[in-house]
Amino acid sequence: DVKVTQSSRYLVKRTGEKVFLECVQDMDHENMFWYRQDPGLGLRLIYFSYDVKMKEKGDIPEGYSVSREKKERFSLILESASTNQTSMYLCASSRGEGTGNTIYFGEGSWLTVV
Amino acid sequence: GQQVMQIPQYQHVQEGEDFTTYCNSSTTLSNIQWYKQRPGGHPVFLIQLVKSGEVKKQKRLTFQFGEAKKNSSLHITATQTTDVGTYFCAVNTGNQFYFGTGTSLTVIP
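As you go down the protein sequences, you meet chains A and R in turn. First residue of the first sequence? That's 1 in the working numbering, and the numbers climb one at a time after it. First residue of the second sequence? That's 1 in the working numbering, and the numbers climb one at a time after it.
Derived by calculation from the structure, the hints in this document are not laboratory data. It cannot be assumed that every hint is accurate.
Heads up, simulated BS3-like pairs for lysine-lysine below, C-alpha to C-alpha not over 27 Å straight-line [claimed, not checked]:
no., chain 1, residue 1, chain 2, residue 2
1, A, Lys3, R, Lys59
2, A, Lys70, A, Lys57
3, A, Lys57, R, Lys36
4, A, Lys70, A, Lys3
5, R, Lys36, A, Lys3
6, R, Lys36, R, Lys69
7, R, Lys57, A, Lys3
8, A, Lys70, A, Lys18
9, A, Lys13, A, Lys57
10, R, Lys36, R, Lys70
11, A, Lys55, A, Lys18
12, R, Lys69, R, Lys57
Take the sequences, apply the hints, and build the full model.
This is how it looks when you write it as structure tokens:
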């Protein structure tokens, strides 16, 4: 089974802190994604990466950056956390070739910024 | 990018009642996927449809892909409390996934 592991399940950070959310997948997937989920707003794509060192902005990249130094690892960085970034963050991965691929999600990281 | 509209946003049903959520697109879809997210959990893949008019069943869940491949539905017969959660439709086009906004299902015992 595909496993997507997010290193932190629950975090509480102070406004202005730098926050790292780490994600690792074990299926040699080309694509990795970071989503944010808020009540009533569905899944919103922050960034995705289709290869090592490659990244593409999603729908809401402002205030975030990402890093993909190794194929299996995709990190989300909040350079200076703000209260409006309090949310649930989901990492995901998928194969890159063709269509009809399945996306696999991690268990989510609940971030509270105070 | 491709847009997939999903309705309703919320649905409350009595246990035993049926439930349906719908996804619609203005463009022809190469595939449609359905995911379920339990409360406090993460979305998990349920099924994929790729053929025009395709119908697939998983126990009490019936998934349909429209003849024109522009819409899809998920129907649950005789809901149970274990069906509670948010159901998302999605389309995969190579590197991209386009998700509907989800339907949150509450089942009242």
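May I ask which of the numbered hints given earlier this structure violates, with the numbers listed in increasing order? Structure breaks no hint.
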